[in-house]
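The listed protein sequences derive, respectively, from chains Z and X. Oh and the first sequence: position 237 is 237 in this note's numbering, straight run, nothing missing. If you want this note's numbering, it's the position in the second sequence, counting the first as 1, plus 359.
Be aware that one or more of the hints could be misleading.
To be verified - Derived PhoX-like pairs: lysine-lysine, alpha-carbon spacing no greater than 20 angstroms straight-line:
no.: 1; chain 1: X; residue 1: Lys464; chain 2: Z; residue 2: Lys226
no.: 2; chain 1: Z; residue 1: Lys209; chain 2: Z; residue 2: Lys226
no.: 3; chain 1: Z; residue 1: Lys208; chain 2: Z; residue 2: Lys185
no.: 4; chain 1: X; residue 1: Lys544; chain 2: X; residue 2: Lys567
no.: 5; chain 1: Z; residue 1: Lys185; chain 2: Z; residue 2: Lys209
no.: 6; chain 1: Z; residue 1: Lys105; chain 2: X; residue 2: Lys567
Said to hold, decoys possible - Computed footprint of chain Z on chain X, listed as stretches where at least three residues anywhere in the stretch have a Cβ under 8 angstroms from a Cβ of chain Z:
no.: 7; segment: 369-378
no.: 8; segment: 399-410
no.: 9; segment: 450-457
no.: 10; segment: 468-474
no.: 11; segment: 500-514
no.: 12; segment: 549-559
no.: 13; segment: 610-618
What the hints assert, rightly or not - Computed footprint of chain X on chain Z, listed as stretches where at least three residues anywhere in the stretch have a Cβ under 8 angstroms from a Cβ of chain X:
no.: 14; segment: 34-42
no.: 15; segment: 96-102
no.: 16; segment: 153-166
no.: 17; segment: 244-254
no.: 18; segment: 314-328
I should point out that these hints are in silico values taken from the structure, not numbers from a laboratory. All C-beta atoms, glycine included, are put in the ideal place defined by N, C-alpha and C.
Protein chains: 2
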Amino acid sequence: MTRIFNFCAGPATLPLPVLERARDELLDYRGTGMSVMEISHRSSTFDEMANQTEACLRRLMSIPDDYTVLFLAGGATTQFAQVPLNLADPQRPGAYVVDGSWSKKAHGIAARLGLAHLAASSEDTGFRTIPAEQEWNLDGEFAYLHYVSNETISGVQFAQPPECGLPLVADMSSDILSRPVEVEKFGVIYAGAQKNVGQAGIALVVVKKDLLRDLPTEIPDLQSWKVQHEQGSRLNTPPTYAWYIAGLVFDWIETQGGVERMAELNQHKAQTLYSFLDQSQFYRNEIPAEFRSHMNIPFQIVDESLHPQFIAEAEAAGLSSLKGHRSVGGMRASIYNAMPIDGILALIDFMRDFESRAG
Amino acid sequence: MTRIFNFCAGPATLPLPVLERARDELLDYRGTGMSVMEISHRSSTFDEMANQTEACLRRLMSIPDDYTVLFLAGGATTQFAQVPLNLADPQRPGAYVVDGSWSKKAHGIAARLGLAHLAASSEDTGFRTIPAEQEWNLDGEFAYLHYVSNETISGVQFAQPPECGLPLVADMSSDILSRPVEVEKFGVIYAGAQKNVGQAGIALVVVKKDLLRDLPTEIPDLQSWKVQHEQGSRLNTPPTYAWYIAGLVFDWIETQGGVERMAELNQHKAQTLYSFLDQSQFYRNEIPAEFRSHMNIPFQIVDESLHPQFIAEAEAAGLSSLKGHRSVGGMRASIYNAMPIDGILALIDFMRDFESRAG
Chain Z
1 MTRIFNFCAG
11 PATLPLPVLE
21 RARDELLDYR
31 GTGMSVMEIS
41 HRSSTFDEMA
51 NQTEACLRRL
61 MSIPDDYTVL
71 FLAGGATTQF
81 AQVPLNLADP
91 QRPGAYVVDG
101 SWSKKAHGIA
111 ARLGLAHLAA
121 SSEDTGFRTI
131 PAEQEWNLDG
141 EFAYLHYVSN
151 ETISGVQFAQ
161 PPECGLPLVA
171 DMSSDILSRP
181 VEVEKFGVIY
191 AGAQKNVGQA
201 GIALVVVKKD
211 LLRDLPTEIP
221 DLQSWKVQHE
231 QGSRLNTPPT
241 YAWYIAGLVF
251 DWIETQGGVE
261 RMAELNQHKA
271 QTLYSFLDQS
281 QFYRNEIPAE
291 FRSHMNIPFQ
301 IVDESLHPQF
311 IAEAEAAGLS
321 SLKGHRSVGG
331 MRASIYNAMP
341 IDGILALIDF
351 MRDFESRAG
Chain X
360 MTRIFNFCAG
370 PATLPLPVLE
380 RARDELLDYR
390 GTGMSVMEIS
400 HRSSTFDEMA
410 NQTEACLRRL
420 MSIPDDYTVL
430 FLAGGATTQF
440 AQVPLNLADP
450 QRPGAYVVDG
460 SWSKKAHGIA
470 ARLGLAHLAA
480 SSEDTGFRTI
490 PAEQEWNLDG
500 EFAYLHYVSN
510 ETISGVQFAQ
520 PPECGLPLVA
530 DMSSDILSRP
540 VEVEKFGVIY
550 AGAQKNVGQA
560 GIALVVVKKD
570 LLRDLPTEIP
580 DLQSWKVQHE
590 QGSRLNTPPT
600 YAWYIAGLVF
610 DWIETQGGVE
620 RMAELNQHKA
630 QTLYSFLDQS
640 QFYRNEIPAE
650 FRSHMNIPFQ
660 IVDESLHPQF
670 IAEAEAAGLS
680 SLKGHRSVGG
690 MRASIYNAMP
700 IDGILALIDF
710 MRDFESRAG
């Protein structure tokens, strides 16, 4: 077996030790004689797994006791509707900062529910920047301020959470657990799992308990964070295997030294690639330094006609899924927690070699 | 490793060859150098897997071309809301036949949306029967007739689909692929995966295309079958690994001889256990023969005080998760496709032995 370096934006590469443990336990979960896939979500075995998983996440993120941790079916897009349904009213909508494709989608879904206010957008810069906080329009009464901490497509990332005074609601799908965050600063942190947490099909939702509320009767209970909190995220059968994989990933992060260590490694990985790009006359990244993502690094060749050849040859060389999103073009290296520095170095070696042949 | 016999109602036991294949492919999906969990849902590799999976399901169930097949995040409970949202109007609600806990939940969620009519209920029999079709109240205009083909808790099953003239919408979560069904008779067939299809967190939804329609703007697109159909069930990142496991299960069923062969085996398994129960003075099953499920067989000991001992000793003997639902009490053997006849025989041997010691 030859593992390749997978730069996909998501579903993304997972730590090899996580996959090996999943493989080794696949037919017999810790002596139960069953696969995790076959275990009742109402069993003590599952309870124990779920409790350990939550406890590990709480340690990793220093989640205070007045926050609940939910594991819900679907992804962040599912939560794009659940956020306003659980927090906003027509008289008190959510305020949205739009700095990329995902925050635009989140705003659009809330707007269709009549529960959104657009506070700021950087769409006029092609989402290459983040709107300056002093220019956000927050005149009015709002239930929360929603932002996406890292935008995977254009590759911009909030260096720090905003300080606008509203309860912060952050979609951290693409940078959760990649660096420390002060959970106390947030009302809600949510994340689809398929980038830094594990397997597609489950989302983490961390909610300050005083924000939990009863929903109108016509909203199905599955969409109610309060009900899901009361039911331990098991109102119905949850995605049990994806939950388990998340637990393996949390364990792995802890073994590696926690999110502080992840942040060091991620900064080193990103800096290595950005430094190479910045000294190059052949490649470029168009994002101003202060907005650059540590997770998703889009880059182009100055001669754009070479992009298809680059992508094809990289793929053949075991550097997979480097094609950029069609709205940006060129290439994109997604380098979440599970991407080792060796993947970055292999990519840079390939880029040097490609340049020497094509440049 | 010792595999046990797992009689859990769901998540349920899976075919050993499916688990072995998942294990063997876990680190490297068919030479890609990646786990299925790590593969983009927009990649040609995933497309091919999804297409093969759908084609296999279409062969197994003889699904006509004028039906779409969706693979959606969540489970049947998620669909309890999506069914009325996609098909009904306040002026034309869905009609519900309630013959167990699941159909009662489905009706309740549709009723909270103002989109339900109760056509019949057997709750007054403790859900031990199915309401006779000639007594259903179908006076009015209804978008569909909803029923649950097999009720896991009380253990009743429709022997045949109803013939009421309305578009049939069937929750087949617990008996899909366990016997042939004439898909042409249905408007919609849906099923959570964690019983006969694979892993929790994904639902199959088979919809006659002429029922697909645009939804009001305030319903998120994720809940629209029409949009999901147009997007190949990939409006957002789907539960890719659960989708893959479903494909492995479909392959396994085909290898075994298809749903006709499954039906023969399931009938034999159920008949073997019911026959044993019916000749016993010690054990009993309270469901009239015409309503008995081939998938979930609740049973009690006449001396009910022995139930805890039975369940504990069975668990210790490798016959797991036999505890019945608390609303019924006693025991329940869930014997979906993946439960081999050897599991039934081992259970009966144990029951004989327990009786000889306790009786």
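*Does the alpha-carbon distance linking lysine 185 of chain Z and lysine 209 of chain Z stay inside the 20 angstroms limit?*
Holds, because 14 angstroms separates the two Cα atoms, which is no more than 20 angstroms.
*Is it true that the CA of lysine 105 of chain Z sits at most 20 angstroms from the CA of lysine 567 of chain X?*
violated (29 angstroms)
*According to a criterion of three or more residues whose C-beta lies within less than 8 angstroms of a C-beta of chain Z, is the segment 500-514 of chain X covered?*
violated (count 0)
_Residues of the segment 399-410 of chain X with Cβ under 8 angstroms from chain Z, three needed, outcome_ = holds (count 3)
*the segment 549-559 of chain X covered by chain Z? Criterion: 3 or more residues, Cβ-Cβ distance below 8 angstroms.*
holds (count 5)
_Hinted pair lysine 544 of chain X and lysine 567 of chain X, Cα distance within 20 angstroms_ = Holds, because 10 angstroms separates the two Cα atoms, which is no more than 20 angstroms.
*Per the coverage rule (Cβ-Cβ under 8 angstroms, at least three residues), is the segment 369-378 of chain X covered by chain Z?*
holds (count 7)
*Are the Cα atoms of lysine 208 of chain Z and lysine 185 of chain Z separated by 20 angstroms or less?*
holds (10 angstroms)
*At a Cβ distance under 8 angstroms, does chain Z reach at least three residues of the segment 468-474 of chain X?*
holds (count 4)
_Cut-off 8 angstroms, C-beta pairs, minimum 3 residues; does the coverage of the segment 153-166 of chain Z by chain X stand?_
Our answer is that it is violated, as 0 residues pass the Cβ test (under 8 angstroms) against chain X, missing three.
*Do at least three Cβ atoms from the segment 314-328 of chain Z come closer than 8 angstroms to Cβ atoms of chain X?*
holds (count 3)
*Under the criterion that the straight-line Cα-Cα distance not exceed 20 angstroms, is the pair lysine 209 of chain Z, lysine 226 of chain Z satisfied?*
At roughly 8 angstroms apart (the allowed maximum being 20 angstroms), lysine 226 of chain Z and lysine 209 of chain Z satisfy the hint.
Figure legend: structure checked against the earlier numbered hints; hints not met, in rising order: 6, 9, 11, 13, 15, 16 and 17.
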